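Visitor: Spelled out, the chains give:
Protein chains: 6
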Amino acid sequence: MKVTIKLSGHILFPDLTSMPDLKPYVRAIEQLKGRGHCVFIVVGGGEPARHYIKMARENGADESTCDQIGISIANLNAKIFSKALGDLACPFIPKDFDELEKALATGKIVLMGGLQPGQSTNAVAAVLAERSGSELFVNTTTVDGVYSSDPRKNPDAKKYKKVTIAELEKILDSSGVKAGEYDLIDSVALKIIRRSKITTKIIDGRDPMNVLKAVEGKEEGTIVIP
Amino acid sequence: MKVTIKLSGHILFPDLTSMPDLKPYVRAIEQLKGRGHCVFIVVGGGEPARHYIKMARENGADESTCDQIGISIANLNAKIFSKALGDLACPFIPKDFDELEKALATGKIVLMGGLQPGQSTNAVAAVLAERSGSELFVNTTTVDGVYSSDPRKNPDAKKYKKVTIAELEKILDSSGVKAGEYDLIDSVALKIIRRSKITTKIIDGRDPMNVLKAVEGKEEGTIVIP
Amino acid sequence: MKVTIKLSGHILFPDLTSMPDLKPYVRAIEQLKGRGHCVFIVVGGGEPARHYIKMARENGADESTCDQIGISIANLNAKIFSKALGDLACPFIPKDFDELEKALATGKIVLMGGLQPGQSTNAVAAVLAERSGSELFVNTTTVDGVYSSDPRKNPDAKKYKKVTIAELEKILDSSGVKAGEYDLIDSVALKIIRRSKITTKIIDGRDPMNVLKAVEGKEEGTIVIP
Amino acid sequence: MKVTIKLSGHILFPDLTSMPDLKPYVRAIEQLKGRGHCVFIVVGGGEPARHYIKMARENGADESTCDQIGISIANLNAKIFSKALGDLACPFIPKDFDELEKALATGKIVLMGGLQPGQSTNAVAAVLAERSGSELFVNTTTVDGVYSSDPRKNPDAKKYKKVTIAELEKILDSSGVKAGEYDLIDSVALKIIRRSKITTKIIDGRDPMNVLKAVEGKEEGTIVIP
Amino acid sequence: MKVTIKLSGHILFPDLTSMPDLKPYVRAIEQLKGRGHCVFIVVGGGEPARHYIKMARENGADESTCDQIGISIANLNAKIFSKALGDLACPFIPKDFDELEKALATGKIVLMGGLQPGQSTNAVAAVLAERSGSELFVNTTTVDGVYSSDPRKNPDAKKYKKVTIAELEKILDSSGVKAGEYDLIDSVALKIIRRSKITTKIIDGRDPMNVLKAVEGKEEGTIVIP
Amino acid sequence: MKVTIKLSGHILFPDLTSMPDLKPYVRAIEQLKGRGHCVFIVVGGGEPARHYIKMARENGADESTCDQIGISIANLNAKIFSKALGDLACPFIPKDFDELEKALATGKIVLMGGLQPGQSTNAVAAVLAERSGSELFVNTTTVDGVYSSDPRKNPDAKKYKKVTIAELEKILDSSGVKAGEYDLIDSVALKIIRRSKITTKIIDGRDPMNVLKAVEGKEEGTIVIP
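Residue numbers (the working numbering), protein chains in the order written: chain A, 1 to 226; chain B, 1 to 226; chain C, 1 to 226; chain D, 1 to 226; chain E, 1 to 226; chain F, 1 to 226.
Hints in this document: simulated from the structure, not taken from any laboratory. Careful, some of the hints might be misleading.
25 Å max Cα-Cα, derived DSS-like pairs, lysine-lysine [what the hints assert, rightly or not]: (1) B/K108 / A/K153; (2) C/K197 / C/K161; (3) A/K108 / F/K2; (4) F/K2 / D/K95; (5) A/K2 / A/K161; (6) B/K108 / E/K108; (7) F/K95 / E/K95; (8) B/K95 / F/K95.
Listed next, the stretches of chain F that the computed footprint assigns to chain D, with coverage defined by at least 3 CB atoms under 8 Å from CB atoms of chain D [as the list claims (entries may be wrong)]: (9) 18–25; (10) 47–54; (11) 81–87; (12) 111–119.
It should be emphasised that the depicted structure is a prediction, and the values quoted were computed from it without experimental measurement. Virtual Cβ for every residue (Gly too), placed ideally from N, Cα, C.
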């Protein structure tokens, strides 16, 4: 199966000073590859991006330039993860759509960071899923699925096993939680998922094995039906 | 004043076979320049983009590639409009953020089409407004402002003179009209306008003089207060 | 056999408003590939290019910029045709000679539009034939070969089965028909064909099966002997 | 006046081992600039290009790659001539049409070598003349104008003071001298000159002062009337 | 005076978690500009580069890729410093020699990070000094000049006021201190300084005012006479 | 075995006017490939580069621009050698690190010339050895190994069979022979060899068979132990 995975930068690169442990995720991706799946990955910027953006903003950078700096850090994160994957990975990180097409031609795992200001890494992952013809888009977050409200604030929040895109939009609207706010998925990504009918799973990425479960159909997160 | 204007492709390039009349808009932009304003322009893809996208889709192109093709047409439209502006315009159309920075360095009117798949020309215009430090973002549409519901379907729709971004989001949500649906403004553009506090005017672009009025503070459209 | 085919934009994209039917040509190319031939394709700009160039010219663009705009449309046409070919095609359209070398390295069908102002798509196709080491260059037109004069104007025009390049130049000269005028072949292409000794067939491209016939040696057009 | 000058590589870089003396030509260009003219220059490849092409061909390079290598040498020649011009020259040599537009935006003397395989430096110079809006195109050669036949072979060859493009084509045809053969001007360049109505002067470039005379209207060469 | 300044990343970006205070250095550069000097700046990678390189190395990246990652961080640092300088700075960070030439054409303060693996930021700064025609190259370090041995290890180390390049090489050799080891200057930079005869000052960069003193001839560091 | 070979431009392209005979070296590389080795090659600029640099310098080019011109010639030399190798070679010459990664992905013999000003071709070859994961770096010169002093000046110079990098640095220092001076190896290359522990052989490249011997462990030159 062709599958695009958005790996949260906050999970892979959670703080500024310690060395990240990428091995558990590398092993999970290797297993997916070993089982014959065709994998595409977007890596977020995480804490280092947040920090660099703050430095830029404090020195007068406009928000688009801040986005651009965050994208550069996400690209470096993707590069480091590609090195951890070794020969399985396409050796270059595509930085625009033309390069993406060249990367897809290598037949290897294509890793990306970001593309252009104003676009979240969720949206980039949705574009990659669409362009690579992925049947499944797995979105890793730090919660374990879609809830009726933010589960970190409301202990009674109810978790959904399945939602349609229309229902997901209603949930996000009615609960007063705007898309993106707790790092779930944003409206651009939803638009792309809908137009290309890509089955999407929002899962707890803190355990890398959940990615395997999601691809094998055993996940505990939320399925977004396009 | 620094002002970014999104010129609707559907207004400038309304059909597939006739020659567009760009002169009225060229005169409006020349007047803005003559009054000392610093102008940045995004031109949409219009009918030619819609047609080329349809050809690509019917021949098996994925939606991201379709977006990319629409962007290429928008870039050609921007190129043609830049030629109509003559020496006032930056002679190249920036196709990514690095080129945008080189274009801004020329001190001329910078014209753009699109950037990357998944991003509307509205979002590109908001990025350009942000990066150029524009105080005003004028968004031309084929209606004369924001209504409580789609005025083409509902004759009782009430037009707003001023809205906050929060109110605009609520109006778009509650009326069941999703952002973008009647070519108004999308959620990415709104996010950028909010974060950089750019005053935004949604006006009827079918009369080029409305752009001058919007910049001079005499418009009849809707002001979005960031 | 390595073969480069110039597909006339006027045949593939004959008008501005209807959807082109690329399937017959796709099937012809697939059959060539299925028989073990190695195929390289240049797609012309056709009517959409002619229309965009006219829009640019009417708005003050110099002729080189008009060429450039026509090349952009030819590139989009090549992109759409590549999508119709699916996995057989190199996923990117090379836009300069460096990219051409990267495209040739993929081992897939390489599709191009144009390169630089002042160069016809015929010349681009000759360059592609030369660089790819093609033994045969098939040039599709809307007439069925080389005539002693323009067959659309002169009913007595005699059709040639074989010509040398020297004879072809004489025919074009003596008949008062300058190269390129009825979309046959231009002097740059002739120079390249001569220097690299590439057998060239000028055929009626309105029937896609003629391309197969030309490659298999059964064509009815005109052979240019280098 | 805006003027584009094609400087023959065979004049500036006449042999492989000695140092070229560019100063006389530098002084001529400085004088043109000093008199208020706006100058654009294409420098040919000369002997070094001829030698490098021969090396490439002997080692199996196809003719398009040979062209490309000749273009690289012409670009280096243009770079060296730009250094000799110092601050008057645009500091980079544009290698495609996008870069040409950026170079024109600098307001300095733009120098080019070549663009793409299959295109002579004469054709590149015509494109530059067209894109820069030059009123005059001065083409330096090693003969002193257009003759009824090759003056180096036929002592009775008659020199023309003025020719139309149509007459020039007829002269080149009827004399059996194909365009380009004695380094005069080729058919692509003629097509561009005709379509953009650029007055063209073919002069003896062995004396740099002839370039000044040509611009000031005192030349002894041949005027091609577009 | 044209002056190139290498700003140590370890001084500007000294740790991983706090916000750097770039203002004192911005004021120093503004003063230099205000006094009519023409300034070019290279910013090093500092602690963030060191950290990112360590992450890459621990995940299997070869050393050239590590260099490349360090260069990317140095480019981001240069970008942030350029934002702090506002309109005085060239809005893009040149990433290769072609872009450097475009940046120099803007007439603004050009800021760079790094170029290619295997090249220190000292060497990049020397290349920038050479290409920009700088008469002075100011190299900021965390010691106050060149000593007979490492002053941090040997309290009797003697500080030099002036050295020739030959003497500096001998000092570095005889003291067993290899170039670069205490962040002074490396052999590539020395080679460039020698061949282009660029006066070089090695100063304590922890006080930004030392940069002004160095340019005005009042510094306390070490002058390297080329 | 993965092996990177630096082919001296002075050996391959020894003079300005005659045709180089690349066949003996082509046969040596073919044999290496035939024995299953994975080969990467850097070709130097040789006499043509020296001549072009001299022309540039005499016309006012700064030394960095001279370097850049030498790099361009080395790239052409690499291109010509790649043509002589035919299908064994990657069809494009990478000109920066991003392109190098794309070239490595082709699985063919990657050929390079140079990268950036201030970097010798020795240093480029060391970067290529490092990035390609080569176990062996073969450096061809016009002497037959490392001597205690320059063997062309001192007939008593003693040749070393093996040296450590530390010893090699001491030899180069103590003998008053600065790195690079007799085309051996420079300090940047030594730094890269040391950090990545690449076994390096300095051999007499005037006989191409020595390259085979070096790879098979039978060479007569000097081994540098990292």
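Visitor: Each hint should be assessed against the structure and marked as holding or not.
Guide: Right, here's what the structure says about each hint:
1. B/K108 / A/K153: 50 Å, violated
2. C/K197 / C/K161: Satisfied, since the Cα-Cα distance of roughly 18 Å is no more than 25 Å.
3. A/K108 / F/K2: Roughly 22 Å between the alpha carbons, so the hint for A/K108 and F/K2 holds.
4. F/K2 / D/K95: 35 Å, violated
5. A/K2 / A/K161: 22 Å, holds
6. B/K108 / E/K108: 17 Å, holds
7. F/K95 / E/K95: The hint holds at about 13 Å.
8. B/K95 / F/K95: 22 Å, holds
9. 18–25: holds (count 3)
10. 47–54: It holds: at least three residues are needed, and the stretch 47–54 of chain F offers 4 whose Cβ sits within less than 8 Å of chain D.
11. 81–87: n = 4 at 8 Å, threshold three: holds.
12. 111–119: Answer violated; 0 residues pass the 8 Å Cβ test.
Hints 1, 4 and 12, counting from the list given before, are not met by this structure.
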